[in-house]
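Let's have the full structure, built from the sequences with the hints guiding it.
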Amino acid sequence: DQQVKQNSPSLSVQEGRISILNCDYTNSMFDYFLWYKKYPAEGPTFLISISSIKDKNEDGRFTVFLNKSAKHLSLHIVPSQPGDSAVYFCAAKDNQGGKLIFGQGTELSVKP
Amino acid sequence: EPEVTQTPSHQVTQMGQEVILRCVPISNHLYFYWYRQILGQKVEFLVSFYNNEISEKSEIFDDQFSVERPDGSNFTLKIRSTKLEDSAMYFCASSLLGQGLNEQYFGPGTRLTVT
Numbered sequence: 001d002q003q004v005k006q007n008s009p010s011l012s013v014q015e016g017r018i019s020i021l022n023c024d025y026t027n028s029m030f031d032y033f034l035w036y037k038k039y040p041a042e043g044p045t046f047l048i049s050i051s052s053i054k055d056k057n058e059d060g061r062f063t064v065f066l067n068k069s070a071k072h073l074s075l076h077i078v079p080s081q082p083g084d085s086a087v088y089f090c091a092a093k094d095n096q097g098g099k100l101i102f103g104q105g106t107e108l109s110v111k112p
Numbered sequence: 113e114p115e116v117t118q119t120p121s122h123q124v125t126q127m128g129q130e131v132i133l134r135c136v137p138i139s140n141h142l143y144f145y146w147y148r149q150i151l152g153q154k155v156e157f158l159v160s161f162y163n164n165e166i167s168e169k170s171e172i173f174d175d176q177f178s179v180e181r182p183d184g185s186n187f188t189l190k191i192r193s194t195k196l197e198d199s200a201m202y203f204c205a206s207s208l209l210g211q212g213l214n215e216q217y218f219g220p221g222t223r224l225t226v227t
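Chains as they are written, first to last, in this note's numbering: chain A, 1 to 112; chain B, 113 to 227.
Quick caveat, the hints were computed from the structure, so don't treat them as lab data. Note that the Cβ used here is the ideal one computed from N, Cα and C, for glycine as well. Treat the hints with care, since some could be wrong.
Said to hold, decoys possible - In silico lysine-lysine, DSSO-like type, Cα no more than 30 angstroms apart, as pairs:
| # | chain 1 | residue 1 | chain 2 | residue 2 |
| --- | --- | --- | --- | --- |
| 1 | B | Lys154 | A | Lys56 |
| 2 | A | Lys56 | A | Lys68 |
| 3 | B | Lys195 | A | Lys56 |
| 4 | A | Lys68 | B | Lys154 |
| 5 | B | Lys169 | A | Lys5 |
| 6 | A | Lys5 | B | Lys195 |
| 7 | B | Lys154 | A | Lys54 |
What the hints assert, rightly or not - Using C-beta positions, here's what the derived DEER-type ranges look like:
| # | chain 1 | residue 1 | chain 2 | residue 2 | range |
| --- | --- | --- | --- | --- | --- |
| 8 | A | Arg61 | B | Ser193 | 43 to 51 angstroms |
| 9 | A | Thr26 | B | Ser121 | 16 to 24 angstroms |
| 10 | B | Pro114 | A | Asn27 | 28 to 36 angstroms |
| 11 | A | Asp59 | B | Pro114 | 17 to 25 angstroms |
| 12 | B | Thr188 | A | Ser51 | 26 to 34 angstroms |
| 13 | B | Thr225 | A | Phe46 | 23 to 31 angstroms |
| 14 | A | Ala70 | B | Leu196 | 39 to 47 angstroms |
| 15 | B | Gly152 | A | Asp55 | 31 to 39 angstroms |
To be verified - Example chain A residues on the side facing chain B (calculated, C-beta under 10 angstroms, incomplete):
| # | residue |
| --- | --- |
| 16 | Leu34 |
| 17 | Lys38 |
| 18 | Gly43 |
| 19 | Thr45 |
| 20 | Phe89 |
| 21 | Leu100 |
| 22 | Gly103 |
| 23 | Gln104 |
Structure below.
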């Protein structure tokens, strides 16, 4: 049951360039999406979120875009920094019970 | 900055033994969750808890699992008779509200190894 999918297991980007992480979902009833960042041996850290009534949310270097018709969201990091190297998880909030449904994660590597 | 804490960070147990994983959610949060991540797999929802009762549980959360909030601060996950396939990272999370547009904050996790 893959309601949230991140099809790229890894991404490598040069420092200073843009990182774009993608996420697709299947359930059109999802109304809230979140991105989490995870370092090894740590828990997921909340990064940024977007409501389904918006198509863009920005917080500093991080911007999330939502395309509801395509059931697709993306996280843009610009400029990318070596400290951004981590696994990024996309998650959708189940609007019935409130649980988060996660994608498989994308490991971002930002090279100096 | 308030954070979710979990103990222990690593638990090794033999198959068939009981384990209790502990969490201290953020103090003013009302909703509590357990998730797990088997190595190489997705983070999966186990159970949510509100007002001293389970709100929702997944298929994984069978009779071997239970949760409790024994006092005003701790939130525990008990596995009565551990199996090899219970080996995973277990994450506790909390949120101020359950539904609506609010995020869940995760603890650092407990790595459970069942031998």
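Consistency of the hints with the structure:
1. Only pairs whose Cα atoms come within 30 angstroms are accepted, and B:Lys154 paired with A:Lys56 is accepted, the gap being roughly 26 angstroms.
2. Restraint check for A:Lys56 and A:Lys68: satisfied, since their Cα atoms lie roughly 11 angstroms apart, inside the 30 angstroms limit.
3. Distance check on the hinted pair: B:Lys195 and A:Lys56 sit about 44 angstroms apart at the alpha-carbon level, beyond 30 angstroms; violated.
4. Distance hint between A:Lys68 and B:Lys154 is fulfilled; the C-alpha atoms sit about 23 angstroms from each other, no more than 30 angstroms.
5. Distance hint between B:Lys169 and A:Lys5 is fulfilled; the C-alpha atoms sit about 22 angstroms from each other, no more than 30 angstroms.
6. Between A:Lys5 and B:Lys195, the direct Cα distance comes to roughly 29 angstroms. Compliance with the 30 angstroms bound is thereby established for this hinted pair.
7. Note on B:Lys154 and A:Lys54: the hinted pairing holds, with a Cα-Cα distance of about 27 angstroms set against a maximum of 30 angstroms.
8. Between A:Arg61 and B:Ser193, the C-beta spacing of about 47 angstroms keeps the proposed range 43 to 51 angstroms intact.
9. The hint said 16 to 24 angstroms for the Cβ distance between A:Thr26 and B:Ser121, and at roughly 35 angstroms that hint is violated.
10. With their beta carbons about 31 angstroms apart, B:Pro114 and A:Asn27 fall inside the hinted range of 28 to 36 angstroms.
11. Checked against the hint of 17 to 25 angstroms, the pair A:Asp59 and B:Pro114 passes, with Cβ atoms roughly 19 angstroms apart.
12. The hint said 26 to 34 angstroms for the Cβ distance between B:Thr188 and A:Ser51, and at roughly 33 angstroms that hint holds.
13. Taking 23 to 31 angstroms as the suggested C-beta distance range, the pair B:Thr225 and A:Phe46 conforms, at roughly 27 angstroms.
14. Between A:Ala70 and B:Leu196 the CB atoms are about 41 angstroms apart, so this pair conforms to the stated range of 39 to 47 angstroms.
15. Restraint check, B:Gly152 to A:Asp55: a C-beta distance of roughly 33 angstroms satisfies the suggested window 31 to 39 angstroms.
16. Given the 10 angstroms rule on beta carbons, the hint for A:Leu34 holds: about 6 angstroms separates it from the nearest Cβ of chain B.
17. For A:Lys38, the suggested interface contact is upheld, since its CB lies about 9 angstroms from the closest CB of chain B, less than 10 angstroms.
18. The interface hint given for A:Gly43 holds, since its Cβ lies 4 angstroms from the closest Cβ of chain B, which is under the 10 angstroms cut-off.
19. The restraint placing A:Thr45 at the interface with chain B holds, with a minimum CB-CB distance near 7 angstroms, inside the 10 angstroms limit.
20. A cut of 10 angstroms between beta carbons decides the hint on A:Phe89: the least distance to chain B is about 7 angstroms, and the hint holds.
21. For A:Leu100, the interface hint holds, the least distance from its beta-carbon to any beta-carbon of chain B being 6 angstroms, beneath 10 angstroms.
22. Annotation: interface hint on A:Gly103 holds; nearest CB of chain B at approximately 7 angstroms, less than 10 angstroms.
23. Using the Cβ-Cβ criterion of 10 angstroms, the hint placing A:Gln104 at the interface with chain B is satisfied: the shortest such distance is roughly 5 angstroms.
Checked against the numbered hints given earlier, this structure breaks hints 3, 9; the rest are met.
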